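Now for the letters of each chain:
Number of protein chains: 2
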Amino acid sequence: MDLNKNNYCVIMAGGIGSRFWPMSRTEKPKQFLDVMGVGESLLQMTYHRFEKICPKNNIYIVTSAVYKDLVKQQLKGIEDDRIICEPTRRNTAPCIAYANFRILNQNPQANIIVAPSDHLILKEDKFIDIINKALDVAKDNDILITLGIKPSYPNTGYGYIQYYRVASLQSDNNFKKVKLFTEKPNLEMAQMFIDSGDFLWNAGIFVWSLNAINNALHEFLPDVFNAFNSGRELIGTEKEMDFINEIYTSCQSISIDYGVMEKAANVYVMPSDFGWSDVGTWKALYEVRKKDANGNSITGKNVMVYNSKNNVITVDDNKLAVIQGMDDYIIVNSANVLLICKKDEEQRVKQFLTDIEVQKGKEYL
Amino acid sequence: MDLNKNNYCVIMAGGIGSRFWPMSRTEKPKQFLDVMGVGESLLQMTYHRFEKICPKNNIYIVTSAVYKDLVKQQLKGIEDDRIICEPTRRNTAPCIAYANFRILNQNPQANIIVAPSDHLILKEDKFIDIINKALDVAKDNDILITLGIKPSYPNTGYGYIQYYRVASLQSDNNFKKVKLFTEKPNLEMAQMFIDSGDFLWNAGIFVWSLNAINNALHEFLPDVFNAFNSGRELIGTEKEMDFINEIYTSCQSISIDYGVMEKAANVYVMPSDFGWSDVGTWKALYEVRKKDANGNSITGKNVMVYNSKNNVITVDDNKLAVIQGMDDYIIVNSANVLLICKKDEEQRVKQFLTDIEVQKGKEYL
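As given, the protein sequences belong to chains A and B, one line each in that order.
Note that numbering that gives the first Met the number 0 has the first sequence beginning at 0, numbered continuously upward.
Note that numbering that gives the first Met the number 0 has the second sequence beginning at 0, numbered continuously upward.
One or more of the hints may lead you astray.
Subject to a maximum C-alpha distance of 20 Å in a straight line, what follows is the list of computed PhoX-like cross-link-like pairs (lysine-lysine) [unchecked claim]:
| # | chain 1 | residue 1 | chain 2 | residue 2 |
| --- | --- | --- | --- | --- |
| 1 | B | Lys342 | A | Lys308 |
| 2 | B | Lys308 | A | Lys342 |
| 3 | A | Lys349 | A | Lys282 |
Some chain B residues flagged as far from chain A (calculated, every beta-carbon gap over 12 Å) [unchecked claim]:
| # | residue |
| --- | --- |
| 4 | Asp79 |
| 5 | Arg81 |
| 6 | Glu85 |
| 7 | Asp141 |
| 8 | Ser151 |
| 9 | Thr155 |
| 10 | Met240 |
| 11 | Gly279 |
What the hints contain is simulated information worked out from the structure, not anything from laboratory work.
All of these numbers come straight from a predicted model, not from anything done at the bench.
Note that CB positions come from ideal geometry on N, CA and C, so glycine has one too.
Please build the complete structure, drawing on both the sequences and the hints.
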């Protein structure tokens, strides 16, 4: 089957994955790692998933300039002009605006999926089906579509999307008009969200026409839109990099959720269920990884475990680890760093990183 | 002060220190490590201690041939002929016999201290004083002297020496005639030993004249003695190594304690107290190492500890370790190996090593 030549995908791969330190390091963050132990990085899995939806040449990777070589190494044969390099990190809105102007040069009729590079999707067929439905609707409507995951428990680490039960798009009941985007709730609030039945997890996966998203950026983030628009004739030329370097640093650092989605009136959500995880915490990773009979999730070819259960253990293949008497810990021995931390205390990693930067220097980050 | 030219020392440095794996590895065992974190290995500390008792050229190191370079590296300027290399490990009796014939070539009037290379002695002045007293008595008497440590608690990891309260050597009450050598006792037995007041810890440090020990070897281990004696004219020549290679493998593997000390009638013990530890277990090492306010004994330049107490932690200086929520563990991150084990379970290390050899190969030992 020929894929629709107007289908485009922008994979956002600029994150630094600091919550997974030291498995994830600034020089090789989470999206470039085989965190599942399946032989493919999250980026590779994401890319191959979208190859089934978009013509290969229509898939763009947005990342930091420092990760360009990693992207080329992991996605064999990708052309340089499909790797969009941000000079600095400015959250998702500028990154999406930049990609839009690149795609505009190629195909003004583009319909675009924007997706993170570091999420896990277990039911790929369902995912592809939903995305294709969304693309089909997006191409004929000036709307912004986001995928909302049907929540299975009151997770306090995700943002939620509330939708209007009745006001769906035209007669297609798959698309619900968004009532409210919420920040991460506390547990009580999350439980209320679940009980209400009209809240979904915000997966940060968007589908829209190039026209619709550029209209929205123009309306809600005019400074960002105009910055790129002012040099649109330079994009795709040898002057692009100088131009981007010039405008990017002064660009407002703002998420597409906060800058556009929460403000626009034409936002629709598709309640979805395709085995999604943002793999955003050690707990989330532990949930989705394979575990042995004692509940230990182990990656590493030489890990020997005694009297231990419910640990998540990641050890470089060329290292041996003997672990005795440990329950419910995160244990990572990677390159020049060892981390041992209770699973329930994983939020402390942020503090560790601050302490390391102050006391030891960036070589360990 | 000139040191007595008849004072000789044989430092036994052929052990493999497997109980301290993976801090101690077959390629660099315990005696070559700065286990105290003081800037000197146990061997270096031992050697420098005996430099205050014996002329430097009278100090011999007996070790395995594979450790010769390590010895030369750690004891700068030591001559090759002061490093006695065993072709294979045959316990202490053959090793002492070999050293005896080397020393016999140099000085038949020698009085010899035999000492392990991997013990810790905190009160050096007291130790030197005791050794000098022993040497002084040994030179004029056909006796075998061993140092016995006044026990401070019922340790079940040491052998004990029982002495006769009254029958001391001539009129010198510092030397007690030995009644019995015992193996490691159980706790109940150890407590009885302590209560009795006439038991001492066997430190494996011996003082005797060359004449006395060779007489004893000739009497109690004639096969061992005769093996070396049969080629005594080759020792010190270029044919020595071939001769030793030929006899060593077929030599009985037996300790000097079991082969001689337990059988000889002329054995005396000197009850001593010089801050001795055999540093033979992680618990023993933990006892003698410096600890922080939370009872953590840490070696390694980049170890960051949170909510943790009473651990013994050893991390290579070029590695960073962040350790959270750990109490009473042994944590070693050294070269290509990580060990995490409860301090109370340290006896399991032996099983780990067997498992590793079977499952992973010797590269991790």
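We went through each hint and held it up to the structure:
no. : hint                : result
1   : B:Lys342 - A:Lys308 : holds, 18 Å
2   : B:Lys308 - A:Lys342 : holds, 18 Å
3   : A:Lys349 - A:Lys282 : holds, 15 Å
4   : Asp79               : holds, 35 Å
5   : Arg81               : holds, 36 Å
6   : Glu85               : holds, 29 Å
7   : Asp141              : holds, 50 Å
8   : Ser151              : holds, 29 Å
9   : Thr155              : holds, 21 Å
10  : Met240              : holds, 36 Å
11  : Gly279              : holds, 20 Å
Consistency note: the structure conflicts with none of the earlier hints.
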